[in-house]
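Mind docking chain S on chain P? Use the hints.
Taken in order, these protein sequences are the chains called P and S.
So for the first sequence, the numbering used here puts the first residue at 7; every next one is plus one.
So for the second sequence, the numbering used here puts the first residue at 7; every next one is plus one.
Rather than coming from a laboratory, the hints here were simulated on the basis of the structure.
Treat each hint with caution, since some may be false.
Pairs involving identical chains hold if they fit within one copy or between any two copies, as the list cannot separate such chains.
Calculated lysine-lysine pairs in the DSSO-like style (CA-CA distance at most 30 Å, straight line) [as the list claims (entries may be wrong)]:
| hint | residue 1 | residue 2 |
| --- | --- | --- |
| 1 | K155 | K203 |
| 2 | K55 | K155 |
| 3 | K229 | K147 |
| 4 | K14 | K64 |
| 5 | K229 | K203 |
| 6 | K14 | K107 |
2 protein chains.
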Amino acid sequence: MTAALQAKELLIRAVECDQSGRILEAQTLYQDGIAQLMSFVSSEPDEQKRKGFLTRIKEYMDRADAIKARVNGKLMLGEVVTHISIEENDTGYDYVQIFGKYMTNQTVEILLEEPYMTQNYQYQNLIRFLELAVTNCAHFKYFRLVTKKDTNNHEQQKTNMGQIKADLERRHIAFYIKYEDSLHDRKIFLSNGYIIKIGRGLHFYKASNPMYSIGLTNYKYRKCLQTDVDIWRTSSTAN
Amino acid sequence: MTAALQAKELLIRAVECDQSGRILEAQTLYQDGIAQLMSFVSSEPDEQKRKGFLTRIKEYMDRADAIKARVNGKLMLGEVVTHISIEENDTGYDYVQIFGKYMTNQTVEILLEEPYMTQNYQYQNLIRFLELAVTNCAHFKYFRLVTKKDTNNHEQQKTNMGQIKADLERRHIAFYIKYEDSLHDRKIFLSNGYIIKIGRGLHFYKASNPMYSIGLTNYKYRKCLQTDVDIWRTSSTAN
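Chain P on its own, in the form it takes in the complex (with noise of 0.2 Å):
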């Protein structure tokens, strides 16, 4: 394929995604495709066509900008709908009891901000999360995970991110990943409209100690670090 036919591709599936209101795809597509269309332009002898090219580059960019004023007052807008404060040592806090019923067959795309991603407990509490919202959301379609590199072992974490990209694309749930080092803040981002703020993020337990106890791998059982959760309602839901 072409790089233009590539490009043609990505924006006419922004563009599908965006009309349905998968606006996290949208947004990662609009920048691919834009991506796509700024890496051949420059060479494109014929001027009116590099012309065209740079009027529809424009087009694509206002559209992607604009998404991502939604995807922001999304993140920025709402109101609380609950609040859990969790003390040092309590349990009774699997994600399906915090937020287990705000993942719906509604909730079509997932967007997870989680600093910390390298190590194995916390590559597990990432495929729990995944797992419960395979289990819940019939309708999942995009994950978008926000993280920090490994300083360590970037390669070990590029290699395990892989495996969980290409596990998901078997079950036609796009994963996207951006690392972004300056990252601090937690948050998960449902598409139907809700956002649950955890001030550990998905990292919130003690290890199980002694290792083989009730609570090793039902974390209902798990005893939990001191953290406080807030879930958001956007004023919006789905567009």
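Quick look at chain S alone, frame taken from chain P:
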């Protein structure tokens, strides 16, 4: 506490368990109480007292034998309630899906015959089994595990089992372990009258591959090895 008092206490608890239908625990307590009585009866100087002890030992042995016959009878008789053939690479078979509905508030005692309990994943399966029992059976009081000795590292096995025992005791569940090197068949006996026979016992899952993929922690999504499941109901329930 003197040996005589200890024996008396064990045997009083045995009779209580026996009368309330907790036959697995009664069986263990009779055995322990009888062993305790035997340990000091021969050194009793008073011949009259010695005779008295021996008479009581004989009585308790008869009761223990009667219970053993009842337990064995329950394990032998019954009707098949359901049969499941799990094929290689099938998914959808976490323990809860297979036998969760038979673990109820009427399940006070559980006997698990599972020959292999030496590897990390096997201990994890045991914990997952116990977590389900603790979740579903509000009146779970007694757990007996029959397994083979770990010939490579029996000390580690005893340490692990000791941790599980202490953990269950914090939940007021007695844990009794019996090492039986000739054990082959797998069996789960629930005191509400159900027997679950799985060809491969608790260990019929493939490893998560690649490790970080859906199914790492939620076994509903794990690929299985081929095995057959038969679930039996004994003619009587509870008693």
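Checked hints:
1. K155 to K203: within (21 Å within a copy, 48 Å between copies)
2. K55 to K155: neither (39 Å within a copy, 78 Å between copies)
3. K229 to K147: Close across copies (23 Å), not inside one copy (32 Å); limit 30 Å.
4. K14 to K64: Within one copy only: 15 Å inside a chain, 90 Å across chains, cut-off 30 Å.
5. K229 to K203: For K229 and K203, the Cα distance is within 30 Å only inside one copy (20 Å; across copies 33 Å).
6. K14 to K107: Neither. Shortest intra-copy (38 Å) and inter-copy (53 Å) distances fail the 30 Å Cα cut-off.
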